[in-house]
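Put the complex together from the two separate chains, hints included.
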Amino acid sequence: MNRYLPLSLFFLTLASCAWAQDDLSKLLDQEAPKTKNYAAATFKGTRIINSHSVETVKAKHMDFLIQHRFGPLNDMDNFFGLDIATLRLGFEFGITDRLMLGIGRTNVQKAVDIFGKYRLLRQAADGSPVSVTVFGSAVNKTIDEGVSVSFQNRLTYCSQLLIARKFSDDFSLQISPTFLYRNRPEAVGDTRALFAVGVGGRYKLSKRISINADYYWTARDGNAFKDRFGSAVTYHNALALGVDIETGGHVFQMHFTNAMGMNEKQFIGETTSSWGDGAVRYGFNISRTFSFDRRARSMDKPN
Amino acid sequence: MTALWGSAVATFAQNLYSTNNGETSFFSETPVENITAVNKTGQAILNTANGDLVVQMNIKQFDFPNKLMQEHFNENYMESDKYPKAVFKGKLNETVDFSKNGTFDVSATGDFTVHGVTKKRTIKGKLTVNQGKIDLVTDFDVALTDHNIEVPKIVFVKIAQVIKVKNKYSLAPYVAKK
Chain A
1 MNRYLPLSLF
11 FLTLASCAWA
21 QDDLSKLLDQ
31 EAPKTKNYAA
41 ATFKGTRIIN
51 SHSVETVKAK
61 HMDFLIQHRF
71 GPLNDMDNFF
81 GLDIATLRLG
91 FEFGITDRLM
101 LGIGRTNVQK
111 AVDIFGKYRL
121 LRQAADGSPV
131 SVTVFGSAVN
141 KTIDEGVSVS
151 FQNRLTYCSQ
161 LLIARKFSDD
171 FSLQISPTFL
181 YRNRPEAVGD
191 TRALFAVGVG
201 GRYKLSKRIS
211 INADYYWTAR
221 DGNAFKDRFG
231 SAVTYHNALA
241 LGVDIETGGH
251 VFQMHFTNAM
261 GMNEKQFIGE
271 TTSSWGDGAV
281 RYGFNISRTF
291 SFDRRARSMD
301 KPN
Chain B
1001 MTALWGSAVA
1011 TFAQNLYSTN
1021 NGETSFFSET
1031 PVENITAVNK
1041 TGQAILNTAN
1051 GDLVVQMNIK
1061 QFDFPNKLMQ
1071 EHFNENYMES
1081 DKYPKAVFKG
1091 KLNETVDFSK
1101 NGTFDVSATG
1111 DFTVHGVTKK
1121 RTIKGKLTVN
1131 QGKIDLVTDF
1141 DVALTDHNIE
1151 VPKIVFVKIA
1161 QVIKVKNKYS
1171 LAPYVAKK
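Here the protein sequences line up with chains A and B, keeping their order.
Note that my numbering numbers the first sequence so that position 1 is 1, with each residue one more than the last.
Note that my numbering numbers the second sequence so that position 47 is 1047, with each residue one more than the last.
Chain B extracted, bound-state conformation (with noise of 0.2 Å):
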């Protein structure tokens, strides 16, 4: 029975591709100012075989040049105790070819959850396969109201409302954790 599950994840597995350090950053800018900060420890996995695609990342990963920033960002905006993850759990819309060289314009759509609010969402952005390999990059918006994180009035530093984010992910065959 075991042997038959384990056969089943392998077989599965063959399928699958991740990542355990993809890049997010995101940027929000205002004439006063501009923060940014990134995130290098994002993970993703592919099912090439039905396309359901997965992206998570610890908030608290995100890394800011000023750490007050950072402090204020994970204490008050995210409150990243409470809802430690951003997470997508999607479908490409797109059927691809993943034993072919290429690059391809693709959407996925699905659930995306920040601040513990879950938005359907459909996302675009690139895929490119090379030698086994798979390249996901993708820019997209998040307005603040739509995850209710709250910017309060008495703020010296400025922030966007609607904050503009970069994923560049590369994915390799997945191969479990001993």
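Same shape as in the complex, but just chain A (with noise of 0.2 Å):
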């Protein structure tokens, strides 16, 4: 014991010389209270491109959406397709940081859909590897077909589960099970329900700027259907590739697709048009969110 005390006192003395800002540092890292570090943005928007990505609107936003699908591009009589705009205007609401709620309509078969969309898991660095969201939808085809169609029959409901990773601060992939059910398909020898699986990815090239895509493949031969009138049908999967530019309060997303519809009954179920036969248009989506946190207002001025 003895031998030790000389030793012991000079560290003390040392200890209490040492203790130097950089301790007062680690006793605080120490306090420090544990907060979990959260993936954030694993793409910059609520969609990908066509479809839904595991990102929601967080609470007391508004997003509102501007999509619009053009023409196909080797339509010359209407240059580059670009005299055909197709449009869905949506509403899109942040109920909690993890619950939204969007309600949306497109000129396309006059269709309105409602949707509800919930992150059911976040990829943390010390959590979950992935984020899982779940979405459900449920869409009024609203046209006038000429022919009486109850309420029942021209509704399509549809269920995802979107399951991405942010693998870097560039690179995130999703892949969405999906699974639709239409009371009454619109061609004839479709079956009501179809099942789907989606892919989709972003690479950023810049801080601002990514390259997206994203393709469902869906679970039946396009090849054997008719529409009403008898002429043969042909339904593709939808493919779209596109980039997007984020400014600050928007998302611009830019884009080729072979799919017209704006929501998942249409660009998964019901795309005609293929890349094959040229048959893609320019498209674009707009997302401007708005905050309705009180406290934009109260912290306006410096006090």
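Check the hints yourself; a few may be wrong.
The calculated PhoX-like cross-link candidates involving lysine-lysine, where the alpha carbons are at most 20 Å apart (straight line), are [to be verified]:
1) A:Lys207 to B:Lys1067
2) B:Lys1100 to A:Lys207
3) B:Lys1089 to A:Lys26
4) B:Lys1126 to B:Lys1089
5) B:Lys1085 to B:Lys1164
6) B:Lys1040 to A:Lys34
7) B:Lys1040 to A:Lys36
8) B:Lys1060 to B:Lys1164
9) B:Lys1082 to A:Lys36
10) A:Lys207 to B:Lys1082
11) B:Lys1120 to B:Lys1166
12) B:Lys1100 to B:Lys1067
13) B:Lys1168 to B:Lys1126
14) A:Lys34 to B:Lys1060
15) B:Lys1085 to A:Lys34
16) A:Lys34 to B:Lys1082
17) B:Lys1164 to B:Lys1133
For the record, the hints were derived by calculation from the structure and aren't laboratory data.
Here the structure is a predicted model, which is why all the values come from computation and not from measurement.
Below is the structure:
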């Protein structure tokens, strides 16, 4: 014991002198409250391109979404398809940071869609390796078809499990098992239930620009159908390639896709043009997010 | 030995005052748009024996009324995954009698690190001793260029080149977490 005492005293003196700012910093580190480090912004918006992404609108925020798809690029009579424009307007609300509800209307089939999306799991450095969001929607096709169709038969339901991982700051990938149920399929010979699997991803070229892609494979032979007048209908899988540019409150998504519809019923189930025929369309999504957080106003002045 | 070390910490700790819920807010003011955010989990520790002062916070804990801006702030400007903390490590320049209640104009000089860039700064503020508690209040400016924080040209949101920062830290005698 005696042998160690001088040594101990030496260390004690050293210790009290050596207490410096770095040690204070370490003390603070020990005291720091533990917070989960969730992966932020796996995707920039609530859509990859056509497909929903795992992202939801945050609480007290509203996303105003304007989507356009033009006619096929090989339609020269309509100036590369630009004379034909289809549109979806969406109002999408964050109820909590994990739950969002949205309503949209598209001029394709005069369809109104409502949907809900809930973040089941969030990817975290020290937690889940993936983010999982559940999606459910109902689409009401309101266009007059010249025959009487009951309200029930105008409806289509969609449910999806969106599973995504942000592999790095730049690269995110999503897989989206999908189940569509059409009470009255558009084409004769098509089944009410349709399974599909989507894959989508983004790669960031810079802080504000990324390239995106999404694709939906459908579990059916797309060649076997006829429309209600007896002509053959061929369905194709929807593929979209595009660029995301984000500028602060907006996300601009510009892309090419063979799908015309902008809800799951239409782009997954009813895409009739194909990349192979050159029937690709230019399209864009513009998202503008508004905050209804009351603090936004009260914090407006430095006090 | 351990006991001695422990007692060293204990003696030392008597002079320590700290907090884990200090408030730091910042304000970016331009004619077009004002942006503000607040961090309520700022940490500070002060050694009253020698005036050593450390303040640090997690950048990701800044709370914006607009979450999209918060995302941009973390992803594009502050690169919070790469540089998670803002830290000030310095020393009070004035000698304060911490045994008496009162308010003092003080300044602290030290290393101020934001976005991985460290600058020597002297920051002025007010220190209030009240019934064994120490309040620190300070306002200062941070120039984005000082810390290599780039604001790209094509942004719709306007961000001031100099950000006003306000701090309110209320320190109590330090008690080590068990």
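Against the structure, the hints come out as follows:
1. Proximity of A:Lys207 to B:Lys1067 is assessed by CA-CA distance (about 17 Å); at most 20 Å being required, the pair is judged to hold.
2. Distance check on the hinted pair: B:Lys1100 and A:Lys207 sit about 52 Å apart at the alpha-carbon level, beyond 20 Å; violated.
3. Pair hint B:Lys1089 plus A:Lys26 holds up; C-alpha atoms about 12 Å apart against a cutoff of 20 Å.
4. For the proposed pair B:Lys1126 and B:Lys1089, the alpha carbon gap of about 17 Å is at most 20 Å, so the pair holds.
5. Under the criterion of a C-alpha separation no larger than 20 Å, the hint pairing B:Lys1085 with B:Lys1164 is consistent with the structure, at around 18 Å.
6. Taken as a hint, the B:Lys1040 and A:Lys34 pair is honoured in the structure, with Cα atoms around 14 Å apart against an allowance of 20 Å.
7. Under the criterion of a C-alpha separation no larger than 20 Å, the hint pairing B:Lys1040 with A:Lys36 is consistent with the structure, at around 16 Å.
8. The hinted pair formed by B:Lys1060 and B:Lys1164 meets the criterion: a straight-line CA distance of about 18 Å does not exceed 20 Å.
9. The hinted pair formed by B:Lys1082 and A:Lys36 meets the criterion: a straight-line CA distance of about 16 Å does not exceed 20 Å.
10. Restraint check: the Cα-Cα separation between A:Lys207 and B:Lys1082 comes to about 14 Å, which is no more than 20 Å; the hinted pair holds.
11. The straight-line distance between the Cα atoms of B:Lys1120 and B:Lys1166 is roughly 19 Å, inside the 20 Å bound, and the hint therefore holds.
12. Restraint check for B:Lys1100 and B:Lys1067: the C-alpha separation of about 44 Å exceeds 20 Å, so the hint is violated.
13. Between B:Lys1168 and B:Lys1126 the CA atoms are separated by roughly 10 Å; this keeps the pair inside 20 Å, and the hint holds.
14. Simply put, A:Lys34 and B:Lys1060 have alpha-carbon atoms about 13 Å apart, close enough for the 20 Å limit, and the pair holds.
15. With a C-alpha separation of about 14 Å, the suggested pair B:Lys1085 and A:Lys34 falls inside the 20 Å cut-off, and the hint holds.
16. This hinted pair checks out: A:Lys34 and B:Lys1082 have alpha carbons roughly 18 Å apart, not beyond 20 Å.
17. The hinted pair formed by B:Lys1164 and B:Lys1133 fails the criterion: a straight-line CA distance of about 26 Å is larger than 20 Å.
The structure does not agree with the numbered hints 2, 12 and 17 stated previously, though it agrees with the rest.
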